[in-house]
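Enquirer: Let chain A serve as the given structure and place chain B on it in line with the hints.
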Amino acid sequence: MTSVPLSQPLSPGALESSRSVSRWQQVRRRLNGRAYIGGTLVAIAILAAVFAPLLAPADPEYADITIRLKPPAWQSGGSTTYLLGTDALGRDLLSRIIYGARTSLMISVTAVILAALIGVTLGLIAGYYGGTIDLVVMRMVDIMFAFPFLLLAITWMAIFSPGQRNVIAILVLTGWATFARLTRGQVLTMKEREYVIAARVLGASNDRLIRRHVLPNLIPTIIVIGTMTLAQFILAEAALSFLGLGVPPQTPTWGGLVNEGRDYITQAWWIETFPGIAIVLTVSGIGLLGDWMRDVLDPRLRSL
Amino acid sequence: MSSYLIKRIVASLFAIWGVATLTFFLLRVTADPAVLLVGEQATPERIAEVRTRLGLDQPLLVQYVDFLKGVVTLDFGDSYRFNEPAMHMVIERLPTSLKLASAAFLVALLVSIPLAIASAVWRDTPIDYIASFISFVGFAVPAFWLGAMSILLFSVRLGWLPSSGTGGIRYYILPTLTLATWPLGQFTRLLRSELLNVFHEDYIRTARAKGLREHRIVIGHALKNAFLPVLTLIGISFGSLLGGAIITEIIFAWPGLGRLVVQATLNRDFPLIESSVILLASGFVIINLIVDLLYGVLDPRIKLS
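If you're matching them up, the sequences are chains A and B in order. Anchor point for the first sequence: position 18 equals 20 in this note's numbering, and the numbering is continuous, going up by one each time. Anchor point for the second sequence: position 159 equals 281 in this note's numbering, and the numbering is continuous, going up by one each time.
FYI, nobody ran anything at the bench for these hints, they're computed from the structure. Nothing here was measured: the structure is a model prediction, and the numbers come from that model. Be careful, since some hints might not be right.
Said to hold, decoys possible - Straight-line distance between alpha carbons at most 20 angstroms, and here's what the computed SDA-like set of lysine to any residue pairs gives:
#, chain 1, residue 1, chain 2, residue 2
1, B, LYS129, A, ILE135
2, B, LYS129, A, LYS193
3, B, LYS129, B, ASP414
4, B, LYS129, A, THR134
5, B, LYS129, A, VAL138
6, B, LYS129, A, ARG264
7, B, LYS129, B, LEU415
8, B, LYS221, B, SER285
9, B, LYS129, A, ASP136
10, A, LYS193, A, THR134
11, B, LYS191, B, ARG150
12, B, LYS129, A, MET142
13, B, LYS346, B, LEU415
14, B, LYS221, B, TYR293
15, B, LYS129, A, ARG141
16, B, LYS129, B, ILE408
17, B, LYS346, A, ALA45
What the hints assert, rightly or not - Beta-carbon label-pair distances, calculated as ranges:
#, chain 1, residue 1, chain 2, residue 2, range
18, A, TYR266, B, ARG381, 17 to 25 angstroms
19, A, THR123, B, PRO351, 35 to 43 angstroms
20, B, ILE291, A, ILE115, 29 to 37 angstroms
21, A, ARG141, B, ARG175, 35 to 43 angstroms
22, A, ILE115, B, ARG175, 43 to 51 angstroms
Glycine included, every Cβ here is placed at the ideal spot set by N, Cα and C.
This is chain A alone, in the form it adopts within the complex:
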């Protein structure tokens, strides 16, 4: 028999590289239909957001009342200048949807990053140090979970004037708790793992323990939760704008466009239909991508 004796020590470098290669291969091997479709949808939304001025056929805020409520190009009375038709003020709907991607993604991505930073930091501290600080943080999490989101959002937006910054604020305020709770849970189990105990016995400081041993192992969870939260935030931002409590109506947002379309439902079905499709496709894309990342990175989160 020529098998390698089990006791033969592997050099740390060899172990490292073999593991990282296999993980990368694992990710590539698991690229599947869901990943491709999700990735494509998300890429389209990001491209629309970033290159809105280049892609939009018209100025999204230019109104011309003489061409109001023009139907999409393929319907009688439509023209190819206004592919998806025009709204009640004669603005090009396609351009408004493309610019809407910008508003929607900018708000949701910023909010997810801030919520993750705050939530993960508090969850780390609470889980790692325990005691009073843990109690305080977890009670705050309980309060946030008990506060019906839409009620808090409506109250908040009525108090502070509607606008992008306040939409971000309300999303962060409600979103950090999920990150904090999951991070804390993971840190609690991680604290008992051999490698953390070993590092502590070797005299690593708390700071170093968190930075080198705890945080890196949290990253897959954070990415997965962040993706799912991003989908939720896009829907929440749209809901707020739909209620007229989000971004002021002259800035195009998907939810705001659907709301505008409500008044013209009998005459102009396209105004509320197309922005909604943009929301559904983007959220679907993020969802598919999130599902796939969860299976690859952290299958334990499947029940979420």
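Expert: Only chain B this time, still in chain A's reference frame:
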């Protein structure tokens, strides 16, 4: 058990206090409801008079203590705009909202349980794909758009169903389905994946080896065990259902709490806002407490301590 119960109740009360306090301070740092009530053109004397009548000229701490008394007695005074006891107004509208929410909840449960079982038993068949599709619609389609589209199709185009108001059962169909889509998708997805996990357990193999009929294995053994996580989700989704109900009520002009809350907020009608927030948050906290306690009853392995 009893010490666990006390701990959970104390934590629940604390959460309600936190929501109440947050609401109070959020409302008090804002623009003055007195100005909104008497209009921008009113004289400063008139505004001051209204402030005094509403008790808004008191020091913040005095107002807070009064407010906490209100939380305990569930009485926040009269609505600024309607001059009626605010809590009374909220409770009056509550049944209309609850009817819609329970109808949606019932639809979600009645459809999701058989659907999840079918898709777990006949995995990767058309029924499984239909179930995945429904879960996905629940995840990715915003309720307000689904409601708007269903009005466009079934009320405007086909003229089959009314688009707004209340009345007979026909008025329930569109709002109920709109509101049910989200929990329906969530329940189906979770129950399906729990069932698939449970199918690998030893006791299912034992049941099979005993020669039990397949439907007894699935219903009697697998479903019982797979349902526990769904129970937690049901408790949590209650809060989201309330939020969804607000939007659904606005789309379909359903005369429930939703519209009252939005109007109250825009009018800065403090007593009305406070009454609805406290009532809804307490409902949410109590339902989750019950779910936690049920857990111990349904699954004796979990010791409540």
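Enquirer: Taking the hints in turn, state whether each one holds.
Expert: Hint-by-hint comparison with the structure:
no.	hint	result
1	B:LYS129 with A:ILE135	18 angstroms, holds
2	B:LYS129 with A:LYS193	25 angstroms, violated
3	B:LYS129 with B:ASP414	12 angstroms, holds
4	B:LYS129 with A:THR134	16 angstroms, holds
5	B:LYS129 with A:VAL138	15 angstroms, holds
6	B:LYS129 with A:ARG264	48 angstroms, violated
7	B:LYS129 with B:LEU415	12 angstroms, holds
8	B:LYS221 with B:SER285	17 angstroms, holds
9	B:LYS129 with A:ASP136	16 angstroms, holds
10	A:LYS193 with A:THR134	18 angstroms, holds
11	B:LYS191 with B:ARG150	17 angstroms, holds
12	B:LYS129 with A:MET142	16 angstroms, holds
13	B:LYS346 with B:LEU415	17 angstroms, holds
14	B:LYS221 with B:TYR293	12 angstroms, holds
15	B:LYS129 with A:ARG141	13 angstroms, holds
16	B:LYS129 with B:ILE408	14 angstroms, holds
17	B:LYS346 with A:ALA45	42 angstroms, violated
18	A:TYR266 with B:ARG381: 17 to 25 angstroms	22 angstroms, holds
19	A:THR123 with B:PRO351: 35 to 43 angstroms	29 angstroms, violated
20	B:ILE291 with A:ILE115: 29 to 37 angstroms	47 angstroms, violated
21	A:ARG141 with B:ARG175: 35 to 43 angstroms	36 angstroms, holds
22	A:ILE115 with B:ARG175: 43 to 51 angstroms	46 angstroms, holds
Of the numbered hints listed earlier, those contradicted by the structure are 2, 6, 17, 19, 20.
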